[in-house]
Amino acid sequence: MTIRSVLIANRGEIAVRIIRAAKALGIRSVQVYSAADADMLAVKLADEAIEIGPPAPKKSYLDIAAVIAAAKRAGADAVHPGYGFLSENGDFADAVVAAGMIFIGPSGDAIRLLGDKVQARAVAEKAGVPTVPGSNGRIASLEEAHAVTAQTGFPIMIKAAAGGGGRGIRIVNDPAELDKQFPQASAEALASFGDGGLYLEKVITRARHVEVQILGDGENFVHCFERECSLQRRRQKVWEEAPSFLLPADVRQKLCDSAVALARAVGYRGAGTVEYLYDDESQAFYFIEVNTRIQVEHPVTEMITGIDLVQEMFRVAGGASLSVRQSDISVRGHAIECRINAEDPARGFMPAPGTITRLAVPEGEGVRFDTMLYEGYTIPPFYDSLLGKLIVWGEDRTACLARLSRALADLKIEGVPTTIALHQALAADANVAAGAFHTRFLETWLETEFAAPGGRTVEVA
Amino acid sequence: MSKHEIRSPLPGTFYRSSAPDVPPFKSDGDAVASNEAIGLIEVMKTFQEIQAGVAGGSIRFLVDNEEPVMAGQVIAEVEL
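Protein chains in written order, with our numbering: chain A, 37 to 497; chain B, 384 to 463.
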């Protein structure tokens, strides 16, 4: 069935992005919003908007019954969950289908299967995807944990089976620490996630974060090449690129093929991302997890492949086959995305809501700014600090970085502090230009290069 | 008796305890020390501790747990 109307169960810049895709396909858009979001851009752009509850996410954007009721009231055929909120909640996907609508994403069963880190790892292993050395699934006892570390060595991560997004992880360096931390980790996992199950994974030091974009229609499965997201702060991505600059061609092929094998193994339908750690020295890659939704950083993939991933999600959910075959998909040039947050880099990245008094957006070939901002908009304090994403494309990475510096200089956001100055410093950094970074690079760089007294002076745009 | 007003420095969501399953930092009528935490403000997924800022005999909360607050809004009063 072709989708004629969609309810957007999200907010902020991704809601705007989904509405744009819906408009391009001639689909009527219905936007939900909390009492704090009546002025948001997505509400203004959508064909219809419905208030679903108070500002607190659990009383609005996370309230399954309220979202379903709004979708039924609006007569929507489908629900797009965006990222975050209910996007990886299998029960929500089931509830949408039970209410007679299409969930734009994989089935509730697929979300639950890939959302459980231990089960996802087992699926990956079965599909021939390399996983980080560690326990074979959940471990029942401390004795079992010691047997695993006898094989893998230290340091090792104790991870909560029900955790994710960087939460529920402890790193231990020797057997004595394991004795002490294991029972604590189990108790904490039980308290935090309602599931005390643990597993172990070896720490891959100085790894890159590389992830593969996959698309599936349940029968055909393709990859749209990889992204590199190694520049992170507190396990949150700050700057993303496509493709991964220094990845050897043969490794790229194996990496992308492994993601397709995983998609095929579960009959994947929709857009998804398979995340890996990549070790430059050994040229080995290891599966971490699958995200069963659109990602924040999806535009860099769109810029280098020319595929509109959100439109493709709509088509596949409506029952059509993928519009592209693997042989149609190739990489052209290089793209970088900078996440522009309402945070003050000079004050420990303290977030600050406020009213936008001036907005000037860079334009021109190869420049895209996905945002929820407009002049006069007051950013509410109840949600995340992402204001927008500056995405820049160039013929190669050098050209892309040069264009990025110009675009960052032209991007003016006044009224709240932003992370624009951080990105300007990164775009001018020699190590970043050389692609010489890993997942722990940024936190050290922030201390030694960005904030250090007597270090680089940071010009605030 | 004079009163000291504790105001929120930021707009956000006010929490009276450090986690959903632990008791509140302070209850109405409790004595407070100047550097004692009386609550948290969540602003854009970041938590900031609110301290009493004054020593006093009795605190009284004017905002409930998990309620939205504006910058400058009085969260609690302390009898000096």
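Among the hints, a few may not be true.
[What the hints assert, rightly or not] Quick list of in silico lysine-lysine cross-link-like pairs, DSS-like style, CA-CA up to 27 angstroms:
id, chain 1, residue 1, chain 2, residue 2
1, B, K386, A, K273
2, B, K386, A, K80
3, A, K448, B, K386
4, A, K108, A, K94
5, A, K95, B, K386
6, A, K238, A, K216
7, B, K428, A, K94
8, A, K108, A, K95
Just so you know, these hints were derived from the structure itself, not from any lab. None of the values given here were measured: they were computed from a predicted structure.
Status of each hint after checking the structure:
Distance restraint check for K386/B and K273/A: the Cα-Cα separation of roughly 46 angstroms exceeds the 27 angstroms cut-off, and the hinted pair is therefore not satisfied. At roughly 45 angstroms between alpha-carbon atoms, K386/B and K80/A are farther apart than 27 angstroms, so this suggested pair is violated. Distance check on the hinted pair: K448/A and K386/B sit about 44 angstroms apart at the alpha-carbon level, beyond 27 angstroms; violated. A threshold of 27 angstroms between alpha carbons decides the hint, and for K108/A with K94/A the separation of about 20 angstroms falls inside it, so the pair holds.
As the CA atoms of K95/A and K386/B are separated by approximately 35 angstroms, the hinted pair breaks the 27 angstroms bound. For the hint pairing K238/A with K216/A, the CA-to-CA distance comes to about 18 angstroms; that is within 27 angstroms, so the pair holds. Between K428/B and K94/A, the direct Cα distance comes to roughly 13 angstroms. Compliance with the 27 angstroms bound is thereby established for this hinted pair. With a CA separation close to 18 angstroms, the supplied pair K108/A and K95/A stays within the 27 angstroms bound.
The structure fails hints 1, 2, 3, 5 (numbered hints given earlier, in ascending order).
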